[in-house]
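A.B. asks: Sequences and hints are given; from them, build the entire structure.
Letter by letter, the chains look like this.
Protein chains: 2
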Amino acid sequence: MNPTIKKLVARWSEFEDLTRATAVLEWDQEVNLPEGGSPARGNHLATLAGVAHEKIVSPAFKTALHEANKTRRLSLKEQAMVREAKREHQRASKIPAALVQEVARAESRGLDAWKNARRTNRWREFANQLHELVRLKRRVADAVGYRHLPYDALLDVFEPDATVKELDPLLGEVREATIPLVRKVRASKRRPNRRILTQKYPADGQMAFGRMVVEAMGFDFARGRIDLSTHPFCSGFDRGDVRLTTRIHENDLRSCLFGVIHEAGHGLYEQGLDPKLVRTPIGHAVSLGIHESQSRMWENIVGRSQPFWRHFLPKLRRVFPTQLKGVKLADFHFAINEVTPSFIRVEADEVTYNLHVILRYEIEKGLLDGTIKTKDLPAVWNGKMQELLGVTPRRDSEGVLQDIHWAMGLFGYFPTYSLGNLYSAQLFDKAKKAIPDLGDQIGKGNLTPLRNWLIKNVHRPGRTFSAAELVRRASGQKPSPRAFVAYVNRKYGELYDL
Amino acid sequence: MNPTIKKLVARWSEFEDLTRATAVLEWDQEVNLPEGGSPARGNHLATLAGVAHEKIVSPAFKTALHEANKTRRLSLKEQAMVREAKREHQRASKIPAALVQEVARAESRGLDAWKNARRTNRWREFANQLHELVRLKRRVADAVGYRHLPYDALLDVFEPDATVKELDPLLGEVREATIPLVRKVRASKRRPNRRILTQKYPADGQMAFGRMVVEAMGFDFARGRIDLSTHPFCSGFDRGDVRLTTRIHENDLRSCLFGVIHEAGHGLYEQGLDPKLVRTPIGHAVSLGIHESQSRMWENIVGRSQPFWRHFLPKLRRVFPTQLKGVKLADFHFAINEVTPSFIRVEADEVTYNLHVILRYEIEKGLLDGTIKTKDLPAVWNGKMQELLGVTPRRDSEGVLQDIHWAMGLFGYFPTYSLGNLYSAQLFDKAKKAIPDLGDQIGKGNLTPLRNWLIKNVHRPGRTFSAAELVRRASGQKPSPRAFVAYVNRKYGELYDL
Numbered sequence: 001m002n003p004t005i006k007k008l009v010a011r012w013s014e015f016e017d018l019t020r021a022t023a024v025l026e027w028d029q030e031v032n033l034p035e036g037g038s039p040a041r042g043n044h045l046a047t048l049a050g051v052a053h054e055k056i057v058s059p060a061f062k063t064a065l066h067e068a069n070k071t072r073r074l075s076l077k078e079q080a081m082v083r084e085a086k087r088e089h090q091r092a093s094k095i096p097a098a099l100v101q102e103v104a105r106a107e108s109r110g111l112d113a114w115k116n117a118r119r120t121n122r123w124r125e126f127a128n129q130l131h132e133l134v135r136l137k138r139r140v141a142d143a144v145g146y147r148h149l150p151y152d153a154l155l156d157v158f159e160p161d162a163t164v165k166e167l168d169p170l171l172g173e174v175r176e177a178t179i180p181l182v183r184k185v186r187a188s189k190r191r192p193n194r195r196i197l198t199q200k201y202p203a204d205g206q207m208a209f210g211r212m213v214v215e216a217m218g219f220d221f222a223r224g225r226i227d228l229s230t231h232p233f234c235s236g237f238d239r240g241d242v243r244l245t246t247r248i249h250e251n252d253l254r255s256c257l258f259g260v261i262h263e264a265g266h267g268l269y270e271q272g273l274d275p276k277l278v279r280t281p282i283g284h285a286v287s288l289g290i291h292e293s294q295s296r297m298w299e300n301i302v303g304r305s306q307p308f309w310r311h312f313l314p315k316l317r318r319v320f321p322t323q324l325k326g327v328k329l330a331d332f333h334f335a336i337n338e339v340t341p342s343f344i345r346v347e348a349d350e351v352t353y354n355l356h357v358i359l360r361y362e363i364e365k366g367l368l369d370g371t372i373k374t375k376d377l378p379a380v381w382n383g384k385m386q387e388l389l390g391v392t393p394r395r396d397s398e399g400v401l402q403d404i405h406w407a408m409g410l411f412g413y414f415p416t417y418s419l420g421n422l423y424s425a426q427l428f429d430k431a432k433k434a435i436p437d438l439g440d441q442i443g444k445g446n447l448t449p450l451r452n453w454l455i456k457n458v459h460r461p462g463r464t465f466s467a468a469e470l471v472r473r474a475s476g477q478k479p480s481p482r483a484f485v486a487y488v489n490r491k492y493g494e495l496y497d498l
Numbered sequence: 001m002n003p004t005i006k007k008l009v010a011r012w013s014e015f016e017d018l019t020r021a022t023a024v025l026e027w028d029q030e031v032n033l034p035e036g037g038s039p040a041r042g043n044h045l046a047t048l049a050g051v052a053h054e055k056i057v058s059p060a061f062k063t064a065l066h067e068a069n070k071t072r073r074l075s076l077k078e079q080a081m082v083r084e085a086k087r088e089h090q091r092a093s094k095i096p097a098a099l100v101q102e103v104a105r106a107e108s109r110g111l112d113a114w115k116n117a118r119r120t121n122r123w124r125e126f127a128n129q130l131h132e133l134v135r136l137k138r139r140v141a142d143a144v145g146y147r148h149l150p151y152d153a154l155l156d157v158f159e160p161d162a163t164v165k166e167l168d169p170l171l172g173e174v175r176e177a178t179i180p181l182v183r184k185v186r187a188s189k190r191r192p193n194r195r196i197l198t199q200k201y202p203a204d205g206q207m208a209f210g211r212m213v214v215e216a217m218g219f220d221f222a223r224g225r226i227d228l229s230t231h232p233f234c235s236g237f238d239r240g241d242v243r244l245t246t247r248i249h250e251n252d253l254r255s256c257l258f259g260v261i262h263e264a265g266h267g268l269y270e271q272g273l274d275p276k277l278v279r280t281p282i283g284h285a286v287s288l289g290i291h292e293s294q295s296r297m298w299e300n301i302v303g304r305s306q307p308f309w310r311h312f313l314p315k316l317r318r319v320f321p322t323q324l325k326g327v328k329l330a331d332f333h334f335a336i337n338e339v340t341p342s343f344i345r346v347e348a349d350e351v352t353y354n355l356h357v358i359l360r361y362e363i364e365k366g367l368l369d370g371t372i373k374t375k376d377l378p379a380v381w382n383g384k385m386q387e388l389l390g391v392t393p394r395r396d397s398e399g400v401l402q403d404i405h406w407a408m409g410l411f412g413y414f415p416t417y418s419l420g421n422l423y424s425a426q427l428f429d430k431a432k433k434a435i436p437d438l439g440d441q442i443g444k445g446n447l448t449p450l451r452n453w454l455i456k457n458v459h460r461p462g463r464t465f466s467a468a469e470l471v472r473r474a475s476g477q478k479p480s481p482r483a484f485v486a487y488v489n490r491k492y493g494e495l496y497d498l
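Chains U and C, in that order, give the protein sequences.
In terms of the numbering used here, the first sequence has 242 at position 242, counting the first letter as 1, and numbering is strictly consecutive.
In terms of the numbering used here, the second sequence has 85 at position 85, counting the first letter as 1, and numbering is strictly consecutive.
A portion of the hints provided could be inaccurate.
Because identical chains cannot be distinguished in the list, a pair is counted as satisfied if it fits within a single copy or across any two copies.
[Stated by the list, open to error] Result set (SDA-like, lysine to any residue): computed pairs, CA atoms no more than 25 Å apart in a straight line:
#1 K115 with F221
#2 K375 with R135
#3 K6 with H53
#4 K165 with Q90
#5 K478 with N457
#6 K276 with S38
#7 K184 with Q386
#8 K7 with E54
#9 K6 with A97
#10 K189 with F343
#11 K62 with A49
#12 K7 with H53
#13 K6 with S108
#14 K7 with L45
#15 K77 with P39
#16 K430 with R304
Derived by calculation from the structure, the hints in this document are not laboratory data.
Since we're looking at a predicted model, the values are computed, not measured.
C.D. replies: Quick look at the structure:
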């Protein structure tokens with residue numbers, strides 16, 4: 001490694017250790033924190049955020065970056081390190097400390113107000129705080145700078161280099177393809193037997209089976225663990241320490257099962273990062289969109305496929321013999337792939353899911369450019385729900401108040417969910433070409449070929465390339481909705497006999 | 001609060017948040033860390049240690065301290081805040097960063113060498129590393145400075161202001177009183193029925209009963225939790241977030257039971273700290289000795305007393321009806337108070353325990369002043385075991401290699417265990433006077449009066465006073481071994497009919 005890069009990486013490592021320590025505290029907050037520990041944890045996290053910020057904007061970091069930046073003849077990876085270190089340094093340097101603090105306080109108030117509003121189902125308890133958050137995020141965007149639209153500056157945090165200009169056509173095509181597909185599904189006479197999944201499935205058996213599937217996926221329990229939390233998530237503190245969480249509903253088999261498969265998809269990405277890039281500016285997942293492509297591929301394209309259940313249904317039946325007695329593979333497969341327009345994004349099927357995301361994406365753009373006012377949001381939300389999904393929430397708590405993201409100041413996050421869906425289909429198509437008997441392998445429960453292909457083509461590079469470049473290199477094509485649209489049309493056309 | 005103190009506290013809070021965040025990572029390391037996460041966790045902890053050090057020696061901290069230090073008309077608590085902030089700042093400033101790093105590396109190597117030596121029972125695997133650690137600790141002592149002996153500078157970390165000059169007579173008296181007591185016990189014809197405790201006690205029942213006892217002690221589970229770990233410990237991240245751990249042996253009732261009572265004694269101290277002092281330089285336990293006085297009081301003086309089991313034995317019998325059928329209170333009480341000279345400190349009874357500590361204390365003093373050479377340590381250890389306890393370990397792994405402390409560079413830590421025993425008896429004597437029917441209350445399972453007395457007299461003050469001053473204020477007398485010696489002579493005189 002070039003000596004100037006070595007120095008830059010040493011500085012970066014310190015910054016990174018602090019952000020990883022932060023992640024440990026956040027994981028603990030969701031999994032273990034006793035009620036009384038919240039205020040103190042808030043302080044610990046605020047101080048860590050402050051110290052990490054100090055490190056990345058420090059004169060020492062700046063000097064190291066400057067030296068590295070003017071070094072010639074760097075390798076591709078070294079150049080990427082400089083680029084990513086610069087991105088983080090510049091973003092952090094451009095936002096004034098006072099604004100950072102103002103945002104943090106507004107987010108904390110926003111979260112309280114949202115919790116309150118959601119519990120009491122009263123939008124106006126949250127409206128003012130949201131208005132303030134939008135105003136502050138707009139200021140952040142202005143401070144950071146952007147090429148076309150302020151919203152681009154917010155997107156960039158979660159999906160580096162993504163812009164509205166690129167997203168609009170991608171998501172527009174998904175919108176145009178999905179609305180008629182959902183309409184056709186609703187008109188179809190075919191209906192799965194949901195009852196298969198909503199019997200009583202004791203928690204212990206669900207967890208044991210979930211662990212078995214995750215192990216078959218190749219998640220390494222010597223380098224990770226599974227716990228329970230209210231909202232499932234995955235957090236990586238290092239490729240040697242990756243934590244998944246799930247939740248269990250005894251009256252619904254799907255929640256825990258697809259929760260762990262989804263999170264293990266994220267987990268494999270974290271475990272699959274290149275050990276040589278650890279604690280460098282590129283030893284990370286490249287973007288939330290790519291991260292989500294891994295979780296959604298395992299959850300939906302693999303975990304909701306017939307070949308997968310050809311292998312795993314007999315095993316599941318061994319855990320739950322009474323509940324699954326006489327249940328046929330085709331019926332089970334149809335049940336786990338039911339498409340229904342619903343109110344809640346996190347419970348949506350893989351077809352309607354993107355419509356939920358597109359709704360939020362359109363609203364976020366409107367909030368940021370001022371064409372949508374926070375006070376009108378419930379009406380706008382319900383109008384768009386009708387337009388996109390043909391249903392209207394009965395109350396705001398199952399409508400505009402359902403997600404935590406905006407209360408936490410996360411604008412620009414939602415679109416990455418849909419990007420994940422698009423990337424997942426595109427990458428899987430390529431994997432199928434690269435592994436000719438992939439379906440058969442999955443049908444035998446051999447998930448290793450797919451995992452290895454993903455490690456090599458998606459996980460290892462870390463942030464060496466941008467997300468779009470990574471997709472292009474791995475799939476041979478630039479990001480596009482085509483593979484995804486073809487996938488859902490084919491799969492649901494068959495299931496619903498369209 | 002005086003404005004200069006306010007500024008000092010603001011600086012301190014940042015430092016404290018970093019040390020508390022460190023404690024969360026350390027807790028997680030013992031309770032949750034997957035095998036593969038160790039190297040990364042080491043990095044996170046090293047960086048956090050470095051950043052916390054930067055904060056406490058920073059010019060900004062120094063200025064705030066200087067301003068506070070020259071402020072007049074401070075309250076007693078404000079003065080204590082300045083004193084404790086100064087102690088921490090000066091100690092940190094005096095040790096050169098290079099030495100800090102050298103020590104950290106030597107401790108890390110020491111730990112590896114010790115683990116190896118203990119596993120293979122080969123002293124020489126560890127001897128060189130220990131030699132190096134002693135040499136470095138001597139350099140630390142010289143850097144920090146001391147009044148009488150280098151060892152005082154090491155003691156000071158764990159028991160602020162304690163010195164060999166004060167400890168020698170305290171521990172000397174305990175030594176003189178204990179050796180003949182143990183000899184008399186060994187000569188006694190009376191023997192408890194240990195079999196009562198070493199039947200099969202299923203883990204679930206042990207944990208459920210442990211939780212019940214801990215709740216009766218007043219440990220607040222809304223502000224804490226219990227988990228399992230290899231070595232039981234207690235860690236407080238805030239008075240609202242206090243974590244206990246224990247371990248369970250299904251063939252020995254004592255390990256989990258007295259483990260949780262002990263750790264909950266520590267936990268009550270952390271939960272009992274004054275909310276007004278949180279994140280100030282005095283919002284902490286005052287010393288390890290005082291901390292241990294709380295755990296040992298609950299574990300031994302209360303938890304191994306007859307009144308306690310008058311209430312709890314019937315409850316324990318409900319959990320384990322078969323195992324405890326027909327077991328009389330007196331026999332149970334005798335069984336949990338068996339005195340036997342043994343090799344392993346952590347398994348020792350409350351009488352012989354101090355002899356284990358005194359042995360280590362004498363060795364540490366000798367290592368630091370050069371009168372004991374590390375290469376001779378096994379022989380010295382075994383000689384002292386014979387002298388103090390009348391037994392000789394069969395191998396070094398159950399002798400000189402049994403404790404982790406020295407491998408981690410913890411010299412001066414051991415004596416605090418015995419100080420805890422002395423303080424506990426002294427404080428309990430005073431509590432008995434303050435709460436005239438204390439024995440009856442405990443016999444009814446009402447542990448609240450004792451807990452409240454401890455909160456008021458021991459927990460709340462935090463570091464307002466030194467440990468010795470706290471003992472003097474709470475008990476009415478300066479630290480002394482008298483109460484402890486009287487307690488064990490009385491208790492074991494009765495049990496063994498001496």
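A.B. asks: Check the structure against each numbered hint from earlier and tell me which ones fail, lowest number first.
C.D. replies: none
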